[in-house]
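Participant: Chain by chain, the residues:
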Amino acid sequence: MSATEHPTAGSEHPSAGPDDAENETGHGGTAVGSTADGAADSTAEGSAADSTAVEPGTDTAARRRTHPITPLVSGWKIVVGIIAVVSAQNIARLVNDFSVTKALIGAGVILAAVVIAIALSSISWWFTTYAVDDEGVSLHTGVISKSREYAPRARIESVSVERPLLARVLGLAKVRVEVAGGGESYLDIEYVKSVDAEQLRRQILGVAARAAESRSEKTDRDTADDAGTEGAWIEGAGIDGAQFEGSRIERNGSQGTGPQGAGSQEAGSEGIGHDRTGTFQNVLYDGVTDGELIAKIPTGRLLRSLLRDLGFLIGTVMSIVGVLVAIGLAIWQDGLSFAVIIALAPTAITIPKYIFGRIESGWGFVSRDTDRGLRMRRGLANTRTDNIASGRVQRFQLRRPLLWRTPGWTAVSVTVAGIDDSDENGAEHVLPVGTSEELGATLSHLAAPLGTDDDLGTLEHLMTARARDIEGLRTPARPYWIARRTEVTVLLPGAVIHRSGVLARTVQIIPRERIQELTLQDGPLARRLGVLDLSVGIAGDTSLDLSGLAREDARALHGALALDARTLRRYRDRDQWPQPALGRLSATPTQSPAPTQSAAPAPDELLEDR
Amino acid sequence: MARRARGDTMVTMTSAPDPTERPTASMHVVPTAPTLPDTPDGLLGTGALRPVSPRLVPARYVASIVGYVIWVLLIAGAIVAAVLTDLWWLAPIGVLPLIILLQSLLLTPRRVRAIGYLDAQEDLTIASGIMFRSVHTIPYGRVQSVKIDEGPVDRRYGLAKLTVSTAAGGSTVVLPGLPKQEAERLRAMLTERGLEIMAAL
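First to last, the protein sequences are chains F and X. The first sequence begins at 1 in our numbering and counts up one residue at a time. The second sequence begins at 1001 in our numbering and counts up one residue at a time.
In short, the hints are calculated from the structure, not lab data. Be a bit skeptical, because a hint or two may be false.
With the C-beta cut set under 8 Å, the calculated list includes, among others, these residues of chain F facing chain X [said to hold, decoys possible]:
1. ALA62
2. THR129
3. ALA417
4. LEU491
5. LEU492
6. GLY523
Beta carbons: idealized from backbone N, C-alpha and C, even for Gly.
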């Protein structure tokens, strides 16, 4: 592992910036984005590409290239980009003085651009190789400045397969490997054949799952958690550094041997052996054919859900009116001319694009429960499939706009460390618009239970009841009169839940074992009103802010959550979850004795708190 | 701790009478037993926390000498300008630097006294601020990185600044004014305990 090679990586970046997740990736040296490290390797050890003995993929598995048509696809993108930029700036002039010779010259230039772009893409394609082996995924790119990206298996969060329109026509797909860490922490393998993409995805997930297995197996808690986080220890200012580094190397060494021993399990053959379920079916349904069906969104429901989303409707109508007014003004001012229309075209295009994006985000949405977590497929023009491993979710956000209350639909999005994909179409939206049953199924496959008698009923209650009818903590301060009526914080045995929103109701669920950090904030106004703000930090970008709680409540909640944060541990695998899943689909909730939080930790985790 | 949780978190749960009926709202576990003291006129958490080194007060004064000089020059400039140009309203321009200067001079000791930390059995608590006070609690198992900074002034006073970060988005917690040995001890303890009970994400 390269972490052992660069023991001083930490001291190169002494400042722990605000984006510590990025630090984590950088310092681990075993992570995506270790471009500089990789380049340094190759120069230090001789320029031969195969001299990186530390890097996986060279010895165990053969490095592979992406599909040979890739240059056509990526080259085409460059050409379209150039044409778009050039023509957008000069189209009015071009139209005004149009002649055959000029058209021919233009065509020639474009042709030349195509050839050059494809040639360049070919070169870069030639130097792009990837490899998947027991240790992770590595991707080498770059002609002049080479970069070697590497996703160690312990840190692979999810794998998604995307099919952009052009690539789909050619039967290609892009495989994206998401790695824990902030920002753009992913590897894109583009493009491979759709069938291969499916197989690749399985293979990578198989490798990643082995990491989780070996982790969960180990009784030794020191090394039980992921190697990535260990790599994240940053050495402070080099004081006492040598000693600490020594321990870290040793640690990495033990990491190296542990998983390999466990790695010889069935998981290896499983990943590839799975693939014989018929390639045709795989291509047709993007591989989302096996596993228990969790949610499937009919097109009718999707369209009705959009029509019932007031925010969406109002936004659309407002922007259409705005564009129409703008066009009308422009025409009224300058008269109707081609140039005006061209100038307004981008504005006019954005609305259909937005609407289309919303439609696409739920079009043909299918999610299934696989052995690798929740697997989702969606998209109209650009189909994509995502994978969210169970037990990696830091936070759930349930949203129910005003008019979705009658049919009882809910949209669920999640926060997963490493997936920074917050657009409408992204992997974070695990359920674009789901019924109550689908909500329960989705949640039960992604999270540990909330610990109530009837989790689904509780959630439904939290979504439907008026906030003042929900028992929980709310602000006592009169000046926050809206929050007093609409916001409530509920502490369940398994999670902290915050309900907010006036018309569109939002319920945020944070599993209690995910809490990273707690901050109590006090100010002059808060002191006068007798309230405190509590912010619950989770891995990911934002924290849950519970503002304006009564001082006593806030401190009590702080105490309870701080206890959770230091004692409860995450559950890596669903097998370790203590309870049967959410009481989904079952009208009769399991009459288990009321589980308190003490029911949650597995036995060895109980031992651990001391 | 689970032992404690069983003891005093009160689960006020009336058994839901009918599954089809929506459950009563009594799922809420009432959190009890606040751990942070909060006296009416004192600062949040004081009493339970350990203070940082009082040497931080002179260290902060020394560190901000440059700033003081600039503020004094600004005040003097405003007064001189007002006197020379006979434009009386130029003088109040010096009020803002004066306020900044005075609050820094007067409040620094209190600010330093307001900083507190506690390395408890399982987590680290860091508090700071008088008016706008924030209390951070970080379990050892969640610590992602620990850093010690020693500026030139800090080093002269034998102090160090500890920066702790977790995986929570963009959150680093800074604890200034630790004696050097104490900072070293905390760092070693945090790294050691962190590896020991690593709880990851």
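Participant: If a hint holds in the structure, say so; if it doesn't, say that too.
Facilitator: Comparing the hints with the structure gives:
1. ALA62: violated, 33 Å
2. THR129: Nearest chain X Cβ about 31 Å off; hint violated.
3. ALA417: Holds. Min distance 5 Å.
4. LEU491: holds, 5 Å
5. LEU492: holds, 6 Å
6. GLY523: Hint holds; F/GLY523 Cβ to chain X Cβ min 5 Å, cut 8 Å.
In the structure shown, a violation is registered for the earlier hints numbered 1, 2, in ascending order.
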